[in-house]
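Visitor: Listed below are the residues making up each chain.
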Amino acid sequence: MEETKTIAHEIGGIQNDALRFGLYGVKSDLIDSHPLQSSLASTKKTQEEMKRKVLANTYGSAFPLKTDLDRQILSRFQRPPGAIPSSMLGLEVLTGSLERFGPEDYLNDPRDSETFRPADMHHGMEVRLGLSKGPVCPMFI
Amino acid sequence: MSKLEFDVPAKGGFSFDLCKRNEMLMKKGVQPPSYRKTGTTIVGLIFQDGVILGADTRATEGPIVCDKNCEKIHYMAPNIYCCGAGTAADTEAVTDMVSSQLQLHRHHTGRESRVITALTLLKSHLFNYQGYVQAALVLGGVDVTGPHLHTIYPHGSTDTLPFATMGSGSLAAMAVFESKYHEGLTRDEGIKLVTEAICSGIFNDLGSGSNVDVCVITKGHKEYLRNHLLPNPRSYVSAKGFSFSKKTEVLLTKVTPLKEKVEIIQSGEAMEE
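One line per chain: the protein sequences are A and B, in this order.
Using the working numbering, read the first sequence as starting at 38 and increasing by one per residue.
Using the working numbering, read the second sequence as starting at 17 and increasing by one per residue.
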């Protein structure tokens, strides 16, 4: 087995790279690198909650629960990690992102980034089975 | 609430990775690179049949003019156009994105896009980014409900007006509009007024210059008059030729024309592959 000369970039959610994310500590755990980042995340969350409440008020509380269940099921149907990425078509139809077009569709495509790392099939399977920590497709080297 | 989605593949979008590093560099005194703005004069007005939009064509990068003939009137939909002031990249990206969203919406509903749809999409996007996307826009178009003209500020506030100006030359252009605008303008009067307002911005504001672009939108028809007026022509070669000062003796004059005529001679055989 080859010895890895590089330290993993993101292990189990902790962002390891000091030059990219700053030094790790209590403050970096709580506050995001830019106020806009936390603002965008909280807006997204608030809008999702509002939509859910509206649906619950209109159609009854069982309907959003059923939608959540559908979303969990659809997000689990993925190809095994490897060369071909899964298109997540069912999930996109359910969340409505198939009909939306936003900055994430033309900016910063992960396949075009300088530090693109082709998906490691074995590491991905280990993560799925719970034998390794870390995201299925690590972004940086 | 438990995690709803299970390790979905990563998407693109804004990356905040290097913000901390940039903050640290700025504290140490490193100047961030300057970006291209469109320090501009953009105007719009409603005339009797529709909307006329106008813009100058200078793009500046700090004190330097980086584009002498750029296009500031962006296409949004066949019946909607948008002028953009502020950071050039931001205006182009935002207008392209909303134009794509409008096209998706048109495919979905099967109807012509409305100007307030474009307005709402632009406004919510700009507000979401809290003014970091520096795009000040003048949006105009004609849809089933009639002609509409709106201004959108970088933080997301909007205005609905019969005549509007934006950009660094907005005060000069607004002065012309305030004194000469009246309801029920004809097409020619409208174009003349818009051209005057843009020229006032071109000649009185440093950030605006070069030529005038005009776009006329009426019900079912649009006309994009690119470089409608060129009040600042560039003369590259003097017509009189180069004149030497009196003490210089001209020994030899040789004139080489820059363009040579290319003659196509019929060759014998065509190339065989």
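No wet-lab data here; the hints were simulated from the structure.
Predicted model only: the values in this text are computed from it and were never measured.
We treat Cβ as the ideally placed atom computed from N, Cα and C, and that holds for glycine.
Some clues are possibly wrong.
Straight-line C-alpha distance at most 16 angstroms; calculated EDC-like pairs for lysine to aspartate or glutamate [to be verified]:
hint : chain 1 : residue 1 : chain 2 : residue 2
1    : B       : K36       : B       : D65
2    : B       : K235      : B       : D112
3    : B       : K277      : A       : D54
4    : B       : K238      : B       : E77
5    : B       : K238      : B       : D83
6    : B       : K196      : B       : E212
7    : B       : K36       : A       : D69
8    : A       : K82       : A       : D54
9    : B       : K36       : A       : D105
A few chain B residues that face chain A, going by a derived Cβ cut-off under 7 angstroms, partial list only [to be verified]:
hint : residue
10   : Y148
11   : T161
12   : T211
13   : E212
14   : S251
Stretch-level coverage of chain B by chain A, calculated; a stretch enters the list once three of its residues show a Cβ under 8 angstroms from a Cβ in chain A [what the hints assert, rightly or not]:
hint : segment
15   : 30 to 36
16   : 113 to 126
Visitor: Is it true that the CA of K238/B sits at most 16 angstroms from the CA of D83/B?
Guide: violated, 26 angstroms
Visitor: Does K235/B pair with D112/B here, judged by a C-alpha cut-off of 16 angstroms?
Guide: Distance of about 23 angstroms is beyond 16 angstroms: violated.
Visitor: For the pair supplied as a hint, K82/A and D54/A, confirm whether the alpha-carbon distance does not exceed 16 angstroms.
Guide: Distance of about 27 angstroms is beyond 16 angstroms: violated.
Visitor: So if I understand the rule, the pair passes when the alpha-carbon distance is 16 angstroms or less; does K36/B with D69/A pass?
Guide: holds, 10 angstroms
Visitor: Compare the distance between the alpha carbons of K277/B and D54/A with 16 angstroms, and conclude whether the hinted pair is satisfied.
Guide: violated, 62 angstroms
Visitor: With chain A as the partner, please determine if S251/B meets the hint condition of a C-beta pair closer than 7 angstroms.
Guide: Given a least distance of 41 angstroms, the restraint on S251/B is violated.
Visitor: Identify whether the interface hint at Y148/B stands, where standing means a beta carbon of chain A within less than 7 angstroms of its own.
Guide: Nearest chain A Cβ about 6 angstroms off; hint holds.
Visitor: Check the hint pairing K36/B with D105/A against an upper bound of 16 angstroms on the C-alpha distance.
Guide: violated, 36 angstroms
Visitor: Is the Cα-Cα distance between K196/B and E212/B 16 angstroms or less?
Guide: holds, 10 angstroms
Visitor: For K238/B and E77/B, compute the direct alpha-carbon distance and say whether it is at most 16 angstroms.
Guide: violated, 32 angstroms
Visitor: Restraint: T161/B near chain A, CB-CB cut 7 angstroms. Satisfied or not?
Guide: At about 24 angstroms, which exceeds the 7 angstroms cut-off, the nearest Cβ of chain A leaves the hint on T161/B violated.
Visitor: Have a go at the T211/B hint: is there a Cβ in chain A nearer than 7 angstroms to its own Cβ?
Guide: Not OK, violated: T211/B not within 7 angstroms of chain A, min 35 angstroms.
Violated hints for the displayed structure, listed by number in ascending order: 1, 2, 3, 4, 5, 8, 9, 11, 12, 13, 14.
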